[in-house]
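Chains as they are written, first to last, in our numbering: chain L, 1 to 249; chain D, 1 to 315; chain E, 1 to 412; chain F, 1 to 434.
If you are wondering where the hints come from, they were derived from the structure by calculation, not from laboratory data.
Glycine is no exception: its CB is placed at the ideal position from the N, C-alpha and C atoms.
Keep in mind that the hints are not guaranteed to be accurate.
As the list claims (entries may be wrong) - The calculated SDA-like cross-link candidates involving lysine to any residue, where the alpha carbons are at most 25 Å apart (straight line), are: (1) E:K46 <-> E:N290; (2) E:K408 <-> F:A95; (3) E:K139 <-> D:A77; (4) F:K127 <-> D:L310; (5) E:K298 <-> E:V333; (6) L:K29 <-> L:D134.
As the list claims (entries may be wrong) - From chain L, some residues computed to sit far from chain F (all C-beta separations above 10 Å): (7) T2; (8) H53; (9) D66; (10) G177; (11) A181; (12) G228.
Claimed, not checked - Distance windows between CB atoms, simulated: (13) F:L27 <-> L:R111: 24 to 34 Å; (14) L:G228 <-> F:A199: 30 to 40 Å; (15) L:S179 <-> D:L157: 48 to 58 Å; (16) L:A113 <-> F:Y23: 16 to 26 Å; (17) D:A159 <-> L:P38: 34 to 44 Å; (18) E:K163 <-> D:P275: 26 to 36 Å; (19) D:G267 <-> E:D375: 26 to 36 Å; (20) E:K298 <-> D:G267: 52 to 62 Å; (21) E:K408 <-> D:P275: 19 to 29 Å; (22) E:A356 <-> F:G314: 53 to 63 Å; (23) L:N16 <-> D:G260: 45 to 55 Å; (24) E:A377 <-> D:G59: 45 to 55 Å; (25) F:L347 <-> L:S179: 42 to 52 Å.
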Amino acid sequence: MTAAIEVKAVDKSFGNVGIIRDLNLSVAKGERHAIIGPNGAGKSTTFNLISGHIKPTSGEIRLNGDVISGLRPFEINRRGLSRSFQVTNVFARMTVWENVRCGVLWATGHRYAFWKNVDNLPEVKQRTARILDDIHLSHRRDVPAGLLTYAEQRELEIGITIAGGASVIMLDEPTAGMSHAETDRAVALIRRLTEGRTLVIVEHDMSVVFGLADRISVLVYGNIIASGTPDEIRGNPKVKEAYLGEEID
Amino acid sequence: MAELIVISTLNGVLFGMLLFLLSSGLTVIFSMMGVLNFAHASFYMLGAFFGYQLTRWIGFWPALVLAPLLVGAVGMAVERYGLRNTHKHGHVAELLLTFGLAYAIEEIVSMVWGKSPMDYRIPAALDFPAFTVFSTNYPAYKIFMLVVSVTIFVALLIALKRTRVGLIVQAALTHPSMVGHLGHNVGRVFMLVFGVGSALAGLAGVIAGPSLVTQSDMAGLLGPILFVVIVFGGLGSLPGAFIASLLIGLIQTFAVALNGSLASLFGPLDPGLGPSPLTDIWNVTVAQIAPILPYLLLVLVLIFRPMGLLGTRES
Amino acid sequence: MRHLPIAVAAAVLMLGGAASAQETVKIGYIDPLSGGGASVGEGGLKTFQYLADELNAKGGVLGHKVEIVPLDNKTNPQESLVQAQKAVDAGIRYITQGNGSSVGAALEDFVTKNNSRNPGKELLYFNYAAVDPSLTNEKCSYWHFRWDASSDIKMEALTNYMKDQPSIKKVYLINQDYSFGQSVRSDARKMLAAKRPDVQIVGDELHPLLKITDFSPYIAKIKASGADSVVTGNWGQDIALLLKAAADAGLKVNWYTYYAGGAGGPTAIKQTGLDHQVYQITEGIPNSGNKAAMDFEKDFRAKVNLSLWYPRAVNEMRMFKAAAEKANSIDPVKVAAALEGMKFDVLDGGEGFMRADDHQFFQPIYISSFGTLADKAKEPFDEENTGWGWHLVSKIDTANAMVPTTCKMKRP
Amino acid sequence: MSNAASPAPAVTKEEPGGALSFYGVWLIAAAALVVLPLIFSSGGSLTSFSLIGIAIIFALSYNILLGQTGLLSFGHAVQYGLGGFLAVHMMNAVASHNWPIPLPAIPLIGGIGGLAFALLVGWVMTKRAGTVFAMISLGIGELVASSSLILRSVFGGESGITTDRTALMPLFGWTFGPQLQVYYLIAFWVLISAIAMYALTRTPLGRICNAVRDNPERVEFIGYDPHVVRYLAYGFAGFFAGIAGGLTAINFEIANSAYLGATQSGFVLFAAFIGGTAYFFGPILGAILVTYLQLGLTNVTSVSLLYFGIIFIGIVMFAPGGIAGLLMKHRPLIRAGSLGMVIPSYLVAAIPTLAFALGAILTIETVARYSGGEGEGSTINLLGIPFVATAPATWAAAAFLLVGGYLVARLTWLRVAEAWDRAATVARDRGYLA
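Next up, chain L with everything else stripped away, as it sits in the complex (with noise of 0.2 Å):
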């Protein structure tokens, strides 16, 4: 079986400084994959490679079997994968029900009809009302998105980027600055949704990471030292000297 991701020799350089050097990453498809590292690891520059914002210096990225390394993010994103953001990245000014609306559109093939009425599409109006039920946003739909607490946001965030239907979801910690409770409540919503889907998660919360992923790679200076399930990690003696040995005691 193909991988749903498989990085192979990337490298990325700005200017002359080396943020990733051959980075070699496989996740099996329906696998929940975490990425872990310090600050500055290179851990947003590998999102970022992946999903098609940036383009790697040398090296290719496959999803699904396909080569994608150097594709635009909408091609990839067409291919079937998905991202979130680590600073909340919603359409500030649309209401939360137009947010979702605009992330299934592409998804249910309307594309860039104007022949249509966007509100008279009845696979869109389910679509969208399942994932705002699913993401607890209903009672706040005809929101503008710039209005909403932030962890509402960032709950907005994930139902915009699970909204295409992608087979590969990756979210860019995706409980940064939540409270305990939103946390758990957010954990567990990333659980459902991405039930069935490859999942790749960057997090920094480490009981979100050993609670949720099925395996987990280590990412320090911009190459993986580690990768395997939370229990090799756990006992990785590279791994806990670079970086568990530091910040999680």
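Position chains D, E and F against the provided structure of chain L, taking the given hints into account.
Below, chains D, E and F alone, put in the same frame as chain L:
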């Protein structure tokens, strides 16, 4: 012919340096604050008019110093009481504010000074031919303009390398997001940069006023070319702005000096064809299209190099 | 025109429709009163208001008071049409305009259409300064009358003068790149070739209209060509800057111009020190030597604080009165009929006439040079307080300032 | 659809069951357009209405860019003008060949002209948004306006190209000579263009345009290419601008290079922004107001453009939502019934604000008279009171109104802000404000 080349080169470099006096301020302001100051050419115009007025009152030399300072003060006031309050509404609102300002300044200037060209004369001390090339005089005042522009250019370079604000500006040019981390002083730095940028534009106005025309439409004539310069050079790139300024200055001057048209190159078209866009294009001379050359260049550069000559930034 | 409080009232009027008593003869003055050409437009307005006062002081036109209604067109053809429509809506039957042949063409077209669509509400268009020959040739209209000499008439007169000047050998043409500049250029080439085939055209330049801030590259070209005379139709800043750049570069040639005397021009010439090297071709000059004209000039300057830049406006208004009296009516249709072919003694002396074929007024043309005035008693008028003034060089009689027309006049 | 029916506080969305009110609005608009010239039948008002109608289409087309897609264009008149030129050429061709095309179809040709040019240059222009797009649109605008003077055979130099709208075949006995018939032609196009542009905002493309406006980066990650979205929006804006240009050509029977220039581009930006870009009806308000001021202000002051500039700056600084934004701000208060809490403070603030405005007007007019060289004896009529421009009393009055008005207005506006807070709190408590 040699005469034309020498004179055109001098004029072209001169015009280019004037453009750079303006585009450097515009570029720095844009890099730091993300605002493209639409009213920048209006500050140039204000410089010329202040220069004219002060010259009548207290003479050219004091005006040369005072007028740019005044324009700088106006610029700082615009930043402090206008842009700073508009910042929360985003860059488009800021751009629109400066657009409205450009409009208002032009109207105020023509209200106060009228629409006719001002009798803004070259100071007597500089009103003599500096040298003669093939029997054509080259005015000393133009040499003076060139010297002032180059001096400012050098001073600017030194200021960027040696002063604290200069270092901040440099950091902003390379890493725009850095500016956010300047701390509580950011407002003062912005105001200062905006003031210096406006003062530079004002200085360009003071020295260009007597040589070119001092009139209430001078901002409208120069403004669009200025934007071409900075987009062409690459938004936010100071070296890019420098190259683009000189290039456009030279191109515009040399285009005027050329007589060629397609008709003179390939011979006239069959007169039986009658008027059509083809005959229009065929017969137009390079000199006639000189003023639209910058815009043609802009389109070309955008097709082949959307970032501009030395630009690195997406938008 | 400037009563702020009426902003609201005027608005209501605009919607509610404004009709007014026909007791006064209203002449809509459609010219720039704001925007780039405002200073010129204001000068024209004052001239016409002075002339209206003059008529009114003598009992008006057939007992009707004459009123000038200012309508600001910002030198924009489209805005002119809005203003013309506004004039029609306000019951105005005469309009006058001068600045910009493009505006003139638009108005001529408007008047023609309006008069054919709204019989009984005819509008006459008195043109006092739009000089594009096409207005009285291919575009000619029965409802349009032009008092200014069109650019080809002036060129005819100028070349008739130049043909007797053996010192002119190499001529350089520099003009603004638009219809007027182009007709100056092509007429100059055609007429010089016919009258002085030995004269060499050493340069023929068209530059963008009102966009050049530094003419020194052009001056370098003129210098390189070895020209002894330059012919230019440039106006506004394009003539002032051209002369300034010439003086800077030390270019010594004679300048034959259409509009060097426009606002700011005399100051610029004085500044450059080109004493009697700049010639202008006009239908009248202040120092013409004609007593009546010079008395008029004196009174005009005293009251309006301007030099009389539009002697043709004087002819226009006085001739309007004469035509109305001839027709014994202020109805535009009758006045138009009376104007056709009408002979008239112009301000500066000599007879002119309104040719029926194309409604172009033909009149004596003057060539004058600008510089120091030798005899202050004979030539009392200077310009813009420079101490310099226009000196009569040559007067070309009406007969030598005639051009044929291609107009096929459609009469109602 | 259980979730959608959950009791949600209505915030900005119109009430359900909108179909009736939706069609109702357009029916009322249509009726108003028909009846208007019957009430105000003078030639002057017909001229004004025709111009306002054209301005409405033009401003709405501009808002497809600025309000819907977030593209600030300084060269929108290019599409408008080219549409006008194509319409004029078409009218002349139709007249000379006796083609059976009636005049009311001509604006469509103008629209196609605008669309064609937009599609031609749009791909390069819309590669980037924001400031760069703004500058490019400015450059293209200058390029086209200047080129039009070179390509004389097409654009007719500065005189432009004239045409005769009555030379086309009459439709149902209408020759379109009288302004009234032209008005109805324009009104017809205003209605269908407005409906079409409104409908466009309700399509998938329209919504994605909004998304691109809000966050072009994010759009890329939901499958859309923002470049394509901007390009399509640019095309639509060009199409409707072309229709407006075609109508202008019919109205004036002339097209000239001024149609393409910066003044027109500035006009439409003013109209859309002053009206408010965030709401569909904003640019309509703006077009009406700005056209109206343009026609009326020039009669009463020589510095009308300065007032425009000041109004524009005021809107940018204090009400970036434009007039529509100001009006809509009060909607939750009206619904919550707390509007009454702010009205008194408005009334109190109105007096010094008006005094300040009058002081500003008096100052500007005095300066204008003075430098216009007509200072001596010239009077400024303000609210029926004649002020002599040269009299020190006038200067004193101006200074007093300006400074006093400003100081008092500042205090009263603070009270307005307090009243607003209280009213908004009430509205929030009652669930009408998020």
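We went through each hint and held it up to the structure:
1. E:K46 <-> E:N290: Answer holds: K46 of chain E to N290 of chain E is near 23 Å, not above 25 Å.
2. E:K408 <-> F:A95: holds (21 Å)
3. E:K139 <-> D:A77: violated (54 Å)
4. F:K127 <-> D:L310: Since the Cα atoms of K127 of chain F and L310 of chain D sit roughly 18 Å apart, the hinted pair holds (cutoff 25 Å).
5. E:K298 <-> E:V333: With a Cα-Cα distance of about 35 Å, the restraint between K298 of chain E and V333 of chain E is violated, given a limit of 25 Å.
6. L:K29 <-> L:D134: Given pair K29 of chain L, D134 of chain L holds - Cα atoms ~23 Å apart, limit 25 Å.
7. T2: holds (22 Å)
8. H53: Since the minimum Cβ distance to chain F is about 8 Å, H53 of chain L lies within 10 Å and the statement is violated.
9. D66: holds (16 Å)
10. G177: Nearest chain F Cβ is 19 Å from G177 of chain L, so the label holds.
11. A181: Holds: least Cβ distance 22 Å, greater than 10 Å.
12. G228: holds (29 Å)
13. F:L27 <-> L:R111: 24 to 34 Å: With a Cβ separation near 33 Å, L27 of chain F and R111 of chain L satisfy 24 to 34 Å, so the hint holds.
14. L:G228 <-> F:A199: 30 to 40 Å: At 56 Å between Cβs, range violated.
15. L:S179 <-> D:L157: 48 to 58 Å: About 52 Å separates the Cβ atoms of S179 of chain L and L157 of chain D, which means 48 to 58 Å holds.
16. L:A113 <-> F:Y23: 16 to 26 Å: For Y23 of chain F against A113 of chain L, whose Cβ atoms are near 23 Å apart, the range 16 to 26 Å holds.
17. D:A159 <-> L:P38: 34 to 44 Å: Since the Cβ atoms of A159 of chain D and P38 of chain L sit about 39 Å apart, the hinted range of 34 to 44 Å holds.
18. E:K163 <-> D:P275: 26 to 36 Å: Holds: the Cβ-Cβ distance is about 32 Å, inside 26 to 36 Å.
19. D:G267 <-> E:D375: 26 to 36 Å: violated (56 Å)
20. E:K298 <-> D:G267: 52 to 62 Å: holds (59 Å)
21. E:K408 <-> D:P275: 19 to 29 Å: holds (21 Å)
22. E:A356 <-> F:G314: 53 to 63 Å: Because 57 Å falls inside the window, the suggested range holds.
23. L:N16 <-> D:G260: 45 to 55 Å: holds (47 Å)
24. E:A377 <-> D:G59: 45 to 55 Å: Roughly 38 Å apart at Cβ, these two residues miss the hinted range, so it is violated.
25. F:L347 <-> L:S179: 42 to 52 Å: holds (46 Å)
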